[in-house]
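A.B. asks: For reference, the chains in residue letters:
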Amino acid sequence: MTSAHLLLLICLISGVTSVKGDVALLHQEVITGISIVTFKWNHVKTPYLVALWILVAVLAKLVIESFPSVTNVIPESALLICFGWILGGIIWAADLQQTFSLTPTVFFYFLLPQIILDAGYSMPNKLFFTNLGGILLYAILGTVWCAATLGLSLWGCQAGGAMGALDIGLLQYLLFGSLIAAVDPVAVLAVFEQVHVNEVLFIMVFGESLLNDGVTVVLFNVFDAFVKLGGPRINAVEIIKGIISFFVVAFGGSLVGLAFGLLVSLLSKYTKNIQIIEPGFIFVLGYLSYLTADMLSLSAILSVTFCGVSCQKYLNSNMAESSVNTVRYVMKVFANGSETIIFVFLGISAIDKTIWVWNTGFVLLTLFFTLVYRFIGTFIQTWWLNQYRLVPIAFIDQLIMSYGGLRGAVAYGLATMLDDQRIKEKKLMIGTTLIVVYFTVILQGVTMKPFVTWLKVKRAAVAEVTLIEKVQNKVFEHSLVAIEDISGQIGDNYLRGKWKIFEEKWMSRFLLTSEARKKQDYIFNVFHQLNLKDAVDYVDEGERRGSLEFVRNESAFINFKKKLGDEFSEVLPDIMAAASDDPDAMRRDPVSSVSLQMHEKTMQGTRETEDIDAHHLLQQHLYKGRKQHLHRYSRNHLDINTDDNEVQEIFQRTMRNRLESFKSAKMGLAPAKTITKHTKKDQQQKVIFIYSIEYMGYYTIASGGSFPFRVNYKAGAGIENPTFMPDPDPMAPMQIPPWQAEDEPDGSTVSPSQRAQVRLPWTPTNLRRLAPLRISTQSTDSFAQADTPASQEKDKKWPPPPPPPSDK
Amino acid sequence: MGFNGTSPLLDQRGELRPEDFGAIRELSMNPIGDRIISAFFSPGKETVDFASFVRILAHFHPTETSRSRDGVQPEPANSRTRKLKFAFQLYDQDRDGKISREELLQVLRTMLEMQVTEEQLQSIAERAIQEADLDQDDAISFDEFRKSLEKVDIDHKMSIRFLS
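Residue numbers (the numbering used here), protein chains in the order written: chain L, 2 to 809; chain A, 24 to 187.
Bear in mind the hints are in silico, worked out from the structure with no lab data behind them. Computed from a predicted model, the values in this text were never measured in an experiment.
Derived lysine-lysine pairs resembling DSS-like cross-links, with alpha carbons at most 25 angstroms apart:
(1) L:Lys-354 <-> L:Lys-427
(2) A:Lys-108 <-> A:Lys-121
(3) L:Lys-457 <-> A:Lys-174
(4) L:Lys-127 <-> L:Lys-471
(5) A:Lys-170 <-> L:Lys-457
(6) L:Lys-425 <-> L:Lys-229
(7) L:Lys-314 <-> L:Lys-127
(8) A:Lys-174 <-> L:Lys-450
(9) A:Lys-68 <-> A:Lys-121
(10) L:Lys-459 <-> L:Lys-127
(11) L:Lys-471 <-> A:Lys-174
(12) A:Lys-108 <-> A:Lys-174
(13) L:Lys-242 <-> L:Lys-229
(14) A:Lys-170 <-> A:Lys-108
(15) L:Lys-471 <-> A:Lys-108
(16) L:Lys-273 <-> L:Lys-314
(17) L:Lys-501 <-> L:Lys-314
(18) L:Lys-457 <-> L:Lys-471
(19) L:Lys-229 <-> L:Lys-428
(20) A:Lys-170 <-> L:Lys-459
(21) A:Lys-174 <-> L:Lys-459
(22) L:Lys-471 <-> A:Lys-170
(23) L:Lys-229 <-> L:Lys-427
(24) L:Lys-127 <-> L:Lys-333
(25) L:Lys-333 <-> L:Lys-450
(26) L:Lys-314 <-> L:Lys-333
(27) L:Lys-127 <-> A:Lys-174
(28) L:Lys-273 <-> L:Lys-506
(29) L:Lys-314 <-> L:Lys-499
(30) A:Lys-121 <-> L:Lys-471
Covered stretches of chain A (chain L as the covering partner; in silico rule of three or more C-beta atoms under 8 angstroms from a C-beta of chain L):
(31) 42 to 54
(32) 71 to 85
(33) 122 to 134
(34) 149 to 159
(35) 162 to 171
Every residue gets a Cβ at the ideal spot worked out from N, C-alpha and C, and that includes glycine.
Using the sequences and the accompanying hints, generate a full structural model.
C.D. replies: Right, here's the structure in full:
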């Protein structure tokens, strides 16, 4: 059905285009009377055609995607090109000339920027910057190498007579080399999207394709200028100027992008009242960054890339959730749409008799050299790079990296911009460029997947890892950080730590709204999500039961608040025991009134089944190491980042553990090294008083009851420990959070959730920093501290012991 | 190397004690910092000398796959097995060769945020043991540990470059 519609549309277009010639005549007729309806084609011609083309391209995508068996084998980009051929053929047949082709203006100003903006905005920053050294190496050196060798080889072959009589000088060859050499981000994305190689490999190729624009622009402009100047006028000065211009173009472009990125972040800080059009800013400013860089003859692609890269974090924090989603989705729509149109037009542009000048030698040699030099270049560079990499890039990955050097529309666009006065063989070059593009996109694209499978390239981790793996990965992360700290190495973490400090101190304060900074507190996030989910489920439950009557039942209310990670429709106690077929024995006792609190697990872990989904639980709650986390880049797959800040918790916990073990050592109990065991049945109240000990942190910690890992805080903790307190911050007073102070079971009449609700919202004036840890400025215990008195006891007074816990 | 110069570990005695490790502030912000520290000390000993220190750190050297293995050479410290053994011992504090449920629970407790309730922890630990335990003895032996981690890229995850 869709194909038929499509064909109809195609006929309409060709009909329209051929009609337009005749319509011109109509408008010159003398008006004899009032016409009730007129056909005003010329008025709407341009926008109509644009809209029509977009529609055609998108419909093509629709048709293609309805054959998943085909798209599994042949990448979508290749199919789109083929479709473009067909379309071009039809138009050619209708018009006998190619009325539509991919002009440089349209491509570079209307189709490319949004793709790059999307790439920058969705860039996995950590992965990118970790591998930046390698990426830069490939982008700069690799491109220069490919351009130079290709140009020289072709020139050499021409001199050797392999190509017949061609009038191309060395400079022109170098120019041609520079435009062919660049790996194209659009093509790379399109092909790698479907293959899902491991993230390091992907980021290398993709990052290279983005950053090599700096080099391409410079090379192209320099050689273009050289060609215009003519051979004899080139001397050392010009060459040096060329080299300098590289640095100017590359860094200048990046700086322009950064400036625009910061500008849009700053703007987003103040857009609270215009949330409805908040998303618009990034698009406008991103586009402006592209145009500004281009205006200053700097690298426009680099500019947009860095604009996206730098504003990601702040935009995602500052804007309302709906705006964030809007931005993501709209960007994907634009990027996808542009990509589709580009490929279709790449196909159409081929069906044009005027551009085809065929020279077998030239074409074949270009193809050959492009491939060969790419392989050689990649291998040499990787060999050198591996000396400096922690985990060397495997040989197989290098193969895929070389094979993944796809050329695309950028090369074609540059080729059409060649000056045809100076370059006699422009048509040949255009034609050859198209052939190279087709070869890489279609042939290499089609064979990429089987190649990857055959070579057993490590793929991106898609499968759900086992629990042990998850935990162990985290253990590894933490171990690495610890070892780096112990050995005093300045590794990646050091730089990253320093950057994080700088960023938090200066940039976040400047660029984030106060709410956003608040929300960086993970606990608050969890609480917020809990509330949201609660509200939704509340209503769902009410609807399910026919009315919200059950709400008025007090006990039901309290029990509803109980969250053990199971299905919310099973909240009522009478049905829960009956209906629950959960195998976990320990959950059968209904723990009461564990409430809507921040120390409960986030709702994202709830599932349809009654099992606690241990995987999700783990996923949500594992402390993230300081070295950071997985990221997936995909055109079609949008993920939400979660930012954590658990340093406080870890610190507190460690201090408590050390205290306890120290205390038990002092009391002659188990030796200091073993970890005291907390079991559910452990009724021992461990009260640890303040001593002036080395390992003491800021607070005394008393723990008790059946949830031993929850920490009660006592007021008046004030021990100076020179190791841990570099700056003399006043001790933050703490109070026992009420939901912990009483360890009584179901007897309490007031549900702690309600009490907790009373304590919220906390006011900024009472917010105290828990500990002057450099890394974090947020207190995880802000809720507890919200109502604490301003006065504090600083003296080393032993606090009264807490009330003994009741038996459970 | 950090031991004798650039790190905050001041040392004039030629050996380290646990308190010296404790002086590293970042370690107290690490959930398993204490376990790492205790991994440096052989069971029962209160000090670690330079040689042992280096030996432990050597576990984190990137694995060299190109090294030819002859039967005579003892297995290098940074081989995959040894790395895994090191990781195993982070769990297995009582060195009985098995990770019992209790030990796993302890590690989970330190690594998970405080929002997780005890029941949830128990169920995670139980699931984890179920997934990994092949001989149904309710504990994870080293072989089961290794088997469950065979898909993990240990090289990537447990290597630090030391001044090489």
